[in-house]
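2 protein chains.
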Amino acid sequence: MVGIGPGGPLDRTHRAEQAIAQSRVVVGYSAYLELVRDLTGGKEVIGSGMTHEVERCETALARAESGEAVALISSGDPGIYGMAGLAIELASARGVGVPIEIIPGVSSAGAAAARLGAPLMLDFATISLSDLLVPWETIRQRLEAVAAADLVVALYNPRSKRRVDPLTEAAAIFRCHRPGTTPVGIGTAVGREGEHVVLSDLDHLLEEEVDMGSVVLVGNRTSKCISGWFVTPRGYKV
Amino acid sequence: MVGIGPGGPLDRTHRAEQAIAQSRVVVGYSAYLELVRDLTGGKEVIGSGMTHEVERCETALARAESGEAVALISSGDPGIYGMAGLAIELASARGVGVPIEIIPGVSSAGAAAARLGAPLMLDFATISLSDLLVPWETIRQRLEAVAAADLVVALYNPRSKRRVDPLTEAAAIFRCHRPGTTPVGIGTAVGREGEHVVLSDLDHLLEEEVDMGSVVLVGNRTSKCISGWFVTPRGYKV
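Top to bottom, those sequences are chains A and B.
Once you know that position 69 of the first sequence is 69 in the numbering used here, the rest is easy, because the numbers rise by one and skip nothing.
Quick note: to get the numbering used here, add 238 to the position in the second sequence (first position is 1).
Because the hints were derived from the structure by calculation, they are not lab data.
Note that the structure is a prediction, hence the values are computed from the model and not measured.
Anything over 12 Å on all C-beta distances counts as not near chain A; from chain B, calculated:
{"no.": "1", "residue": "V263"}
{"no.": "2", "residue": "Y270"}
{"no.": "3", "residue": "R275"}
{"no.": "4", "residue": "G279"}
{"no.": "5", "residue": "A307"}
{"no.": "6", "residue": "P417"}
{"no.": "7", "residue": "D439"}
{"no.": "8", "residue": "G451"}
Only pairs whose alpha carbons sit at most 16 Å apart, straight line, appear in this in silico EDC-like list of lysine to aspartate or glutamate:
{"no.": "9", "chain 1": "B", "residue 1": "K399", "chain 2": "B", "residue 2": "E445"}
{"no.": "10", "chain 1": "B", "residue 1": "K475", "chain 2": "A", "residue 2": "E55"}
{"no.": "11", "chain 1": "A", "residue 1": "K237", "chain 2": "B", "residue 2": "E293"}
{"no.": "12", "chain 1": "A", "residue 1": "K237", "chain 2": "B", "residue 2": "E291"}
A virtual CB, placed ideally from N, CA and C, is assigned to each residue, including glycine.
Make the full structure from the sequences, and use the hints.
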């Protein structure tokens, strides 16, 4: 279970590269396999499309069970909306007794935050707006709770072509608890080709380009813009 | 502003190492400078103790202003309870117009999670129990909110020799909303010498060794132990 960071070779760790180098079979979502193409020469590479997560894990486990060293690739951190948990669950459910190592990576939220400044300096929450696996009512309650508790929030899977309402509703919830001038940062394809980073605010969030490859960072009541950076002050006297 | 990950060379990214290689002056908390000693030969290295964060940033900014390439080191991710925000705030307050780049790293929570399994697979919050910079009442309200919203939680700065009560109070808050058998993972000095990782539960958390170098991961109502791993299932059918 290898996390390769947000995507570019520069954000990969040595541990991730070592694991790929030591593997014979590399499995992953096809778009992520492209990102490690410089490391997979001479190896068997097995790619599949989005929503084939269970199938990918099963392939990786089956190959590992036959004695091969397998690297299952996740972008960002495999433990944050990645496939680390699914791999463990499936190994147990299918009785596959292979050793598993989980290699953390720079998370998409951390990478987006770094490009924007320092929005996550204080307590924050990470919430996915995708209701494929979690009921929307649960997501909505979590948004209410963290908005009221004045946490900075990183929104994953904020908007797809089909799914526009969740971001609209999330923005309205935050707007009930924070001024419209609250800084909001959007990082799309961070560290990859086509990287696009925008600093906006709550009142203008819905006018910005946001897609499934974006992370949306919503500031809290103390967050501000300083010299073009998005910062949540930690409380030091400056 | 360079994040070096939780500490070991294997968890460093290429981008972090490149920035250190290109710098002439390396500034940081002395314990973290030890962790990059393999990269700082021939450079000027300026270390200082804990609680000297403002002084460290000022030194780094002053040296940068005099035209030198400076690497200011943070362990983990510099944007998560690190010094990225302080550096931006001080540069603005002191009118220092040097270019700043923030280099993200593997966060301590992400690294601890990977050793324990996959506790952060779903929505989670990150909360520091240190009341040095944030009033305890604010922290307490945030704990209440995220405990009630069934978020997995990563607790930073959970306990020091002087400060024992916050973790006791946090455990009691979670216990009001989750069963005592809820998995709790503790990662201490992850990726460093003396690494210590324990899987426990809410009822036994206070008996475990926890210090300022620990991250405590508290599961939500769906988290469970699977083959010795701590997993929060994301909701896939397995």
